[in-house]
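full-length UniProt numbering numbers the first residue of the sequence shown as 1 and each following residue consecutively.
A portion of the hints provided could be inaccurate.
Stated by the list, open to error - Calculated cross-link-like contacts (lysine to any residue; reagent style SDA-like; alpha-carbon spacing at most 25 Å):
id	residue 1	residue 2
1	K166	Y31
2	K46	T159
3	K46	G30
In short, the hints are calculated from the structure, not lab data.
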Amino acid sequence: EILGSDCFLPFGYCCLSLKPAKDAVATPDGYIYDREFILEALLQQKVDLQQQAKKYEEQERKKERKEQAEKRKEQMKEIEEFQKADQGLLSSDYRHKRALEQSERGIPGAPDDERSLKRLRDGELLVVDKAEQRSKSFWAKETTQTAAPKELAKVDTSTRCPMSGKKLRVKDLIPVKMEILDQKNFDSGGGRGVFC
Numbered sequence: 001e002i003l004g005s006d007c008f009l010p011f012g013y014c015c016l017s018l019k020p021a022k023d024a025v026a027t028p029d030g031y032i033y034d035r036e037f038i039l040e041a042l043l044q045q046k047v048d049l050q051q052q053a054k055k056y057e058e059q060e061r062k063k064e065r066k067e068q069a070e071k072r073k074e075q076m077k078e079i080e081e082f083q084k085a086d087q088g089l090l091s092s093d094y095r096h097k098r099a100l101e102q103s104e105r106g107i108p109g110a111p112d113d114e115r116s117l118k119r120l121r122d123g124e125l126l127v128v129d130k131a132e133q134r135s136k137s138f139w140a141k142e143t144t145q146t147a148a149p150k151e152l153a154k155v156d157t158s159t160r161c162p163m164s165g166k167k168l169r170v171k172d173l174i175p176v177k178m179e180i181l182d183q184k185n186f187d188s189g190g191g192r193g194v195f196c
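Whole structure, please, built from the sequences with the hints as guidance.
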């Protein structure tokens, strides 16, 4: 694709403000900026990068806390299993075992006949079916699935040139002294109005 001359910025103009540079500086790649605008752009980049770094650190802390919570949960589960096994070995009495089974099911003092157990099972099934139906209803607020938060990548803290995208530091900027040869051409933005 061939670009016309109107697509190019006249020489001596700032690439950020698109106006003649008052205090011109150039990057090692040759892009000309007004010192005020490039310093402001680099400062804003630095602030944005610091915010991104804080978000990344917070994400990593959350991951670490979640892993620790999972480890604690696993340890507690192992302890509970050990205690249940220990109680099962110590209690050889049939009544005690049955009471343990009922307490695990959450039925304190439930009757032993099969009819009540069958009713209980039917009731449980009804509750499960209702819960299953509610989970399938996409319009219910409680069951609406949300997107998982996007994983943030580690942030590169170096500032970059707005035009080339290469790393750029303030001390890399080269001061440029512009000499205006023809003020009329320079003001109109064309011709050979300025030299450095």
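Hint check results:
no. : hint       : result
1   : K166 / Y31 : holds (11 Å)
2   : K46 / T159 : holds (6 Å)
3   : K46 / G30  : holds (22 Å)
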